[in-house]
Amino acid sequence: MIVDVLPGRTAALEQVSSLELPTKRDEAWRYAPHKALGALTFGPAAAPAAVPADVDAQIPEIEGPRLVIVNGVFDPERSRLDATPSSLRVESLAEATDEAVVGLLQREYDAAEDAFSIINRAYGTGGALVLVDGRVDKTIHVVNVVAPEVPQAATAARVIVEMAEGSAATLVETRIGSGDVGACNIRTEISLAAGASLEHIVLQDLPTTQIHLGRVDVVQAADSCYQTRLFNLGADYGRVAYHVHLAGEGAEADLSGLYFGFGDQTLDQQITVVHAAANCRTSQSYRGVLDDESTGIWNGGVDVRPGADGTDSVQSNDNLVLSRRAEVNTMPRLEILADEVSCQHGATVGELDEEALYYLRSRGIGQAEARRLLINGFADQVMDDLHDDVLRTWIAERLGPDHA
Amino acid sequence: MLHVKNLTASVGEAEILTGLDLEVGAGEVHAIMGPNGSGKSTFAHALAGRDGYEIAGEAILDGVDLLELEPEERAAAGVFMGFQYPVEIPGVNNMYFLRTALNSVRRARGDYEISARDFLAVANEAMELVEMKEGFLNRSVNAGFSGGEKKRNEILQMAVMQPRLAVLDETDSGLDIDALRVVANGVNSLRGPERSMIVITHYQRLLDYIKPDFVHVLVNGRIVESGDHTLALHLEDHGYADFVADDAALSGAPA
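Protein chains in written order, with my numbering: chain Z, 90 to 493; chain H, 2 to 256.
Calculated from the structure, these hints are not laboratory results.
Just so it is clear, the structure is predicted and the values come from calculations on it, not from any experiment.
The beta-carbon is built from N, C-alpha and C at its ideal position, and this holds for glycine as well.
Okay, the calculated beta carbon distance ranges per label pair:
(1) H:Asp52 to Z:Arg196: 49 to 59 Å
(2) Z:Gln433 to H:Ala246: 52 to 62 Å
(3) Z:Gly435 to H:Tyr204: 36 to 46 Å
(4) H:Asp52 to Z:Ala139: 48 to 58 Å
Given these sequences and hints, build the entire structure.
As structure tokens, this is what we get:
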């Protein structure tokens, strides 16, 4: 029995019993592990009796306000919400009950809902609320922890971000986990008012037994600027789907990311950028490194709606395949229904450069070290403008299987 | 110091080195010249340890058979090869690369590793040698470098690595006269009684700047003539025609 029933949630709960999960025939879910997804048990969020001991060390020590969610439930002990500036309201979603928030929770999006986003609406009672009105200098950090107490347990959480006109902030979302087979379903909903700007970094590194279903919906007003970097570094199935809707003229979105798979992981990025207004600029730039029997998916779409004249979009996806059994699926998609549009896209799949390997080895660098240098060099180009050393180190330590 | 004896190298059916003999003493500079396709670069790569060749014979440096070693082990044994086409490695910082290289070699030799701070002094000295500006070390290895910058980077690496044997493969190719002077000065200042060099070149021009002790002519995968620096002048005037014809007659192949 859910007590604080909201209209949106009631409807979602009604749908949950009759939901049909996506199948191989759904393009956006083609490479998902359908059997494993079907075996998951979603339910109301419930904090674990104890948070596993290895969780704390996994959280990057970023200065600034921090909100931690474990299995969909706010964890006050690990959170740090005192001393937030007046331009920022960040709090646990379950506790935020004022009318303004209720409206935000029921926001509808242009992008289609799917079974897991409906599950998120139904069970995602917990999460983070981030309201920014002004310039926030400290990085806002939202951490999601998956710690299943029984196998196949899955929880949902929501992160609601509201950027007021002309405001600016940096948000880091970290998704980590510990313990048994399980999953999280996290939806981040971001709205940028005119002239607002948000830097949004997603760090995703679940254990190889767990499933990460991430969805990010972004709606942008005129002249707003959304910049996001995804580091999809580990999970049995690690999925992040972005739906970025540029609704106001002159908005800009810059999406980039790195996925780094090993073992039999599947790392899935589903990107859709919708140009619904004139003179917007977007870029998508993703890199993948796939080792062992891992699979990487990059499905990047640009949808230019009628009237979105003067659209400028660029897409690129480059992949480094380190093993004959690894697999990459790269799919740039374009749908253009406007004039005076410039849309470029390119995708590459390559192996480690043998000549470069030899060059490094001829300088005395051993084979394993030389490989690592080249792989990190390839991956590092996604981090070019990432200046926070804490983040850089966190990411660098998680490239490849060494840390597992 | 270096004894190369009956060195052969082939790729598939094609025999590229056909029994190369060369003796290089400590502190000597040997120039190897030859027409296109004579096996000059293959010889350099055979010494440095590139994959993909069927190799036989001997190449012994200070008593160690290089042919038994991996490329990184050869570097630790003191071999440095200056590439004709230095490889661009985007994303790998030049400074980090150099320090990793030096410390890998030091570790292999049982030496202590050099700290980032001490390395900076080593690097700065090497930079001066090849007249490089400071920002050079913060760029990715060779990525977007001009031809001259790439070759200077090779000499910079050589100065940092302080090899026992330097094999410079067409270090002069693609250089204008100013860059050639800088590179040659760098090489000359690295000459020493304990360091030997093999300078591979197509043209005599480089040898105006780097005076070799010996000049060898490589044709069809072996050395067919050796002499002092005047041999290079002879080649400049007469080309390789005499040697190519002689060698063809010798091996019974049609000229």
